[in-house]
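Chain P is already provided as a structure; the job is to place chain G on it using the hints.
2 protein chains.
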Amino acid sequence: MKLPRGFGASGVRAGLKKQGTDLAVIVAKGGANAAAVFTRNKFQAAPVVLSKKGLTASRGRVKVVVVNAGCANAITGPEGEAAAGRVRQAAAALAGCPQNEVFVASTGVIGVVLPDDRIREALPGAFEALSEDGLEPLSEAIMTTDNAPKVAEAAFMWNGKRARLTGVAKGAGMIHPDMATMLAFLMTDAPATPGFLAAALSAVNAISFNAISVDGDTSTNDTVLLMSSGALAGEPMTDPRREAPFLKALTKVCRELAWKIVRDGEGASRVMEITVRGARTEKEARAAAHAIGTSPLVKTALNGGDPNWGRILAAVGRSGVALSTSKVSLRAGKLWIVKDGAPTAYEEAAAAKVFALERVPLTVDLGVGSASAVLLAADLGHGYVSVNADYRS
Amino acid sequence: MKLPRGFGASGVRAGLKKQGTDLAVIVAKGGANAAAVFTRNKFQAAPVVLSKKGLTASRGRVKVVVVNAGCANAITGPEGEAAAGRVRQAAAALAGCPQNEVFVASTGVIGVVLPDDRIREALPGAFEALSEDGLEPLSEAIMTTDNAPKVAEAAFMWNGKRARLTGVAKGAGMIHPDMATMLAFLMTDAPATPGFLAAALSAVNAISFNAISVDGDTSTNDTVLLMSSGALAGEPMTDPRREAPFLKALTKVCRELAWKIVRDGEGASRVMEITVRGARTEKEARAAAHAIGTSPLVKTALNGGDPNWGRILAAVGRSGVALSTSKVSLRAGKLWIVKDGAPTAYEEAAAAKVFALERVPLTVDLGVGSASAVLLAADLGHGYVSVNADYRS
Numbered sequence: 108m109k110l111p112r113g114f115g116a117s118g119v120r121a122g123l124k125k126q127g128t129d130l131a132v133i134v135a136k137g138g139a140n141a142a143a144v145f146t147r148n149k150f151q152a153a154p155v156v157l158s159k160k161g162l163t164a165s166r167g168r169v170k171v172v173v174v175n176a177g178c179a180n181a182i183t184g185p186e187g188e189a190a191a192g193r194v195r196q197a198a199a200a201l202a203g204c205p206q207n208e209v210f211v212a213s214t215g216v217i218g219v220v221l222p223d224d225r226i227r228e229a230l231p232g233a234f235e236a237l238s239e240d241g242l243e244p245l246s247e248a249i250m251t252t253d254n255a256p257k258v259a260e261a262a263f264m265w266n267g268k269r270a271r272l273t274g275v276a277k278g279a280g281m282i283h284p285d286m287a288t289m290l291a292f293l294m295t296d297a298p299a300t301p302g303f304l305a306a307a308l309s310a311v312n313a314i315s316f317n318a319i320s321v322d323g324d325t326s327t328n329d330t331v332l333l334m335s336s337g338a339l340a341g342e343p344m345t346d347p348r349r350e351a352p353f354l355k356a357l358t359k360v361c362r363e364l365a366w367k368i369v370r371d372g373e374g375a376s377r378v379m380e381i382t383v384r385g386a387r388t389e390k391e392a393r394a395a396a397h398a399i400g401t402s403p404l405v406k407t408a409l410n411g412g413d414p415n416w417g418r419i420l421a422a423v424g425r426s427g428v429a430l431s432t433s434k435v436s437l438r439a440g441k442l443w444i445v446k447d448g449a450p451t452a453y454e455e456a457a458a459a460k461v462f463a464l465e466r467v468p469l470t471v472d473l474g475v476g477s478a479s480a481v482l483l484a485a486d487l488g489h490g491y492v493s494v495n496a497d498y499r500s
Numbered sequence: 108m109k110l111p112r113g114f115g116a117s118g119v120r121a122g123l124k125k126q127g128t129d130l131a132v133i134v135a136k137g138g139a140n141a142a143a144v145f146t147r148n149k150f151q152a153a154p155v156v157l158s159k160k161g162l163t164a165s166r167g168r169v170k171v172v173v174v175n176a177g178c179a180n181a182i183t184g185p186e187g188e189a190a191a192g193r194v195r196q197a198a199a200a201l202a203g204c205p206q207n208e209v210f211v212a213s214t215g216v217i218g219v220v221l222p223d224d225r226i227r228e229a230l231p232g233a234f235e236a237l238s239e240d241g242l243e244p245l246s247e248a249i250m251t252t253d254n255a256p257k258v259a260e261a262a263f264m265w266n267g268k269r270a271r272l273t274g275v276a277k278g279a280g281m282i283h284p285d286m287a288t289m290l291a292f293l294m295t296d297a298p299a300t301p302g303f304l305a306a307a308l309s310a311v312n313a314i315s316f317n318a319i320s321v322d323g324d325t326s327t328n329d330t331v332l333l334m335s336s337g338a339l340a341g342e343p344m345t346d347p348r349r350e351a352p353f354l355k356a357l358t359k360v361c362r363e364l365a366w367k368i369v370r371d372g373e374g375a376s377r378v379m380e381i382t383v384r385g386a387r388t389e390k391e392a393r394a395a396a397h398a399i400g401t402s403p404l405v406k407t408a409l410n411g412g413d414p415n416w417g418r419i420l421a422a423v424g425r426s427g428v429a430l431s432t433s434k435v436s437l438r439a440g441k442l443w444i445v446k447d448g449a450p451t452a453y454e455e456a457a458a459a460k461v462f463a464l465e466r467v468p469l470t471v472d473l474g475v476g477s478a479s480a481v482l483l484a485a486d487l488g489h490g491y492v493s494v495n496a497d498y499r500s
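Chains P and G are the protein sequences, given in the same order. Quick note: the first sequence uses this note's numbering, first residue 108, plus one each step. Quick note: the second sequence uses this note's numbering, first residue 108, plus one each step.
For reference, chain P alone in the conformation it holds in the complex (with noise of 0.2 Å):
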């Protein structure tokens, strides 16, 4: 798989991971418009605090990304945010570009300041290995305790051309011990904006990361960057709604990323698609599949593929949001297993073969309004514990 033309890329060993590649590089050779999503988190990690003042002063171009794993710098004080600048320094001098134009990204072990003498001394040899090939190895480099590499792709036609969109991700959560970080870089030859990649960015990033759950924890590295090199020559896209093309490319690959994130959690053997509707508003739907989604009850069920949907509903009933107790209904696949607030005459059998998926759709409906949600979230069992507990970090 080439990348999208106009990138490179690259995977190299830094020596911050126990072992294996650790260090990846992406290059816009002249360069790409940019925007980029991070964490609400409190406690934002140095790269992020550099990457988006970045961003801003760049008026959103980035000529390199230099990502790590095997620290997130975070929660590291002056001290994390001056070797993260170095970093950026020493990449912008290697690409002879402005250090505002180099976004660099960080995971792994929080609060251990990043020992960017080694990022420094491996970056040469980054750039020596850019490559239109690099895909494999940048999707290995990023990886923490993923099982595998998570690379998505999909052509679109803009302006009579075939144009590409290749993302890369890594994460997250249910992971290993303070590696719970989701990133994600994508990259598109089609020449667009920094403000339309913005608003296609915020849009798609709704139903798509963040639209997943593995365990309610986020991170203070998670970031996801979409790039357009316009390599594909051409006026640029401006306006999302007439880019539908390129809206769908986006989507499916940020449906693929987030669901191969959520499907590749440590110890995670499930997965369900939680639907919310008939709520009074979409942020209330989504406040609802969240606590079936974050509920360990729930979560346990599912990993013993138990059709518990007492526990289901008594999430939804501490959660805050409005509901009608009398006209509130779940469907399990299509099992209708309550309606109207009471249990149907279901087959247990038939419910337990729907839980037994290993993606299980479920439906609330709150019976109070016409807005809805969709979350995916992973079980959560022995393997979980396993990471989490059992290993000291």
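Treat the hints as calculated values from the structure; they're not laboratory data.
In this list, chains with the same sequence are indistinguishable; a pair is considered to hold if it fits within one copy or across any two.
Taking lysine to any residue pairs in the SDA-like style, the calculated list, with each CA pair at most 20 Å apart, reads:
(1) Lys160 with Glu188
(2) Lys434 with Gly184
(3) Lys390 with Arg425
(4) Lys149 with Thr470
(5) Lys159 with Gly138
(6) Lys109 with Ala261
(7) Lys268 with Ala338
Chain G in isolation, oriented as in the chain P frame:
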């Protein structure tokens, strides 16, 4: 242990659980003044709906309490309410009191209508068995998967006399599928008005039963009932501010029961005592403590005895409360781990020692105010998964 004067209790088998006693009765011969707090879950079980209405209609008078384990009678629609109503009617006939003076409570599987015929058959036997020595059978009959009965007592001086307060509880969370219910019944022989009892219970509940978290899920049946028989003759207590000895006794009993509930969680090996201070408001302090206490990443680290402080601060960071990232601090026991937003040079071995305690004291200072809150929260280990995932309900 005898019950406070004026109360009798018993526990018998009605046949709702697979084995053992599952029906308990408390009778205040001369009636009792009472106040209760109930779950805030929108799905309130039939007994909760009935008891709430009854207590209002009787203006805080209770003569009989009927509690069953094995069936929660929650999300059971009008049929469930009718079943609970028939139990209330039968108990009122046996006690010779208005139905509104019968307080009913249930715990067990959600979504199954109470088999009230079995309870009505067993009720006469339960009334015959009533005794001032009935604390033990009462405490055993309300158990579901509790490892041990939960009882706490205190004596206090009132009007120059020795008054008594006895409490019994069951649950909660981290227990059996669908049985994450917390019930507590508190009895005193000192006379008090219903208004006094309501004010005292509300104040003490906030720092005892509402300051524990097992898995963040609140049940459809949670109930705490405080009753005064007034058997110790005299003018009833009316103003909580003037009754420090009573409040102290109530706090001691409720906190002891709350500790027993959180410590007894199936599979729980360790409890954190989370103190959040330096918050802008008490509500924000509670929200931050709750984020820590319900984070699966924090709870699994606690289970492993892993001083993984990055997870603790990341949970605070996503909780949405105001904090200063350059002033935040974290202490485990007496060991400072983070000060002014950056890690100290603490010894890993010293931190591991604190995290190996049965009760791990954690203090987070948000650095933006003077409000504080305390929460006791259980860990999350293989035992929790085994109880909640491995066995089908």
